[in-house]
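**Q** Following this note's numbering, the numbering of the sequence shown begins with 1 at its first residue and continues without gaps.
Take these hints with a grain of salt, some might be off.
Unchecked claim - Below, a list of computed lysine-lysine pairs in the DSS-like style, where the Cα atoms sit at most 30 Å apart:
| # | residue 1 | residue 2 |
| --- | --- | --- |
| 1 | K190 | K146 |
| 2 | K146 | K34 |
| 3 | K269 | K149 |
| 4 | K57 | K39 |
| 5 | K97 | K131 |
| 6 | K146 | K158 |
Stated by the list, open to error - Distance ranges between label pairs, derived from CB positions:
| # | residue 1 | residue 2 | range |
| --- | --- | --- | --- |
| 7 | K158 | K97 | 19 to 29 Å |
| 8 | W268 | L92 | 19 to 29 Å |
| 9 | I227 | E116 | 22 to 32 Å |
| 10 | T180 | T100 | 20 to 30 Å |
| 11 | E186 | T100 | 47 to 57 Å |
Worth flagging that the hints you see were computed from the coordinates, not collected in a lab. For each residue, glycine too, the CB sits at the ideal point set by N, CA and C.
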Amino acid sequence: MKLDKSSDESMMQLDKTSEEMDLLKKNVVTILNKLTPQKFDILVEKFNALPIDSQTKLQVCIELIFEQAMNKPNLSVVYAKMCQVLLTKTVLKDDSKTETVNFRKQLIMRCQKEFEKDYMESQDYQVDKEKYRRDMATTSSEDERKQIKAVFELMEMKLRQRSLNNIRFLGELYKLQTLTARIMHECVRKLLNTTDEESLECLVRLLTTVGEQLDMETKACLAKGYISEVRDLSIYFNEMSKITQDKKICSRVHHLIQEVIELRLADWKLQRKVDGPRNIGEIHMDTEKEA
Numbered sequence: 001m002k003l004d005k006s007s008d009e010s011m012m013q014l015d016k017t018s019e020e021m022d023l024l025k026k027n028v029v030t031i032l033n034k035l036t037p038q039k040f041d042i043l044v045e046k047f048n049a050l051p052i053d054s055q056t057k058l059q060v061c062i063e064l065i066f067e068q069a070m071n072k073p074n075l076s077v078v079y080a081k082m083c084q085v086l087l088t089k090t091v092l093k094d095d096s097k098t099e100t101v102n103f104r105k106q107l108i109m110r111c112q113k114e115f116e117k118d119y120m121e122s123q124d125y126q127v128d129k130e131k132y133r134r135d136m137a138t139t140s141s142e143d144e145r146k147q148i149k150a151v152f153e154l155m156e157m158k159l160r161q162r163s164l165n166n167i168r169f170l171g172e173l174y175k176l177q178t179l180t181a182r183i184m185h186e187c188v189r190k191l192l193n194t195t196d197e198e199s200l201e202c203l204v205r206l207l208t209t210v211g212e213q214l215d216m217e218t219k220a221c222l223a224k225g226y227i228s229e230v231r232d233l234s235i236y237f238n239e240m241s242k243i244t245q246d247k248k249i250c251s252r253v254h255h256l257i258q259e260v261i262e263l264r265l266a267d268w269k270l271q272r273k274v275d276g277p278r279n280i281g282e283i284h285m286d287t288e289k290e291a
């Protein structure tokens, strides 16, 4: 029997590509796990030296950075800073010898994909509302019902937290000018128009993170006559004030909205320390205290 040499070579090439990807993932994860403010410059330099020479490899790296930011929200400013450094990284587009893609465009696409997800409906996440309802309806034991409810609520809470973590990361990317004011306005309008409690909580988180900078940039844009897709923030806050009059909104979300309204009235000056996004200097000081 005569072996197909071309087929054999193709299999070898696939194995080599798979090995290269596995090694790349391993190296990226190692760098991300070690990333701290103190080691930032050294590790980003190592990241830049990795053989990221294709669109697929670039997308894999962005996915790993993104998931790290979702899992470690208190370090979101560090991962956002890393993305800022990598913005201009460019590779050849898959199946092309001339067309290129850059880190920034791929990152924006990934952020948009995450932002537009309905976590509670997405098949990417294991929250099956129908199964939950069936299990609750067919279970006669009160203890089992409590357990089923507890498991469902825990998963629901994790997904809501992921949504908030994503908003925090988007905000930090904007503050570093990786994302534009136009994108922030799109996010604010979408969250405001959705009006479910999860979206409203994300809206508050976003405005708390970027409000002062977005307010100043928006006023500057409007003063220059640039108004495309940019609105005076007062329009959004007027809508939020109306929402607080809705008795269907739970007291917790009502309080969050009222707080950010008052924050803007106070010219974005926090009256008390809150557990929000921090800059690299603050994280550095915390790390030194823990050492």
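**Q** Any of the earlier hints contradicted here, and which numbers?
**A** 1, 2, 3, 5, 7, 8, 11
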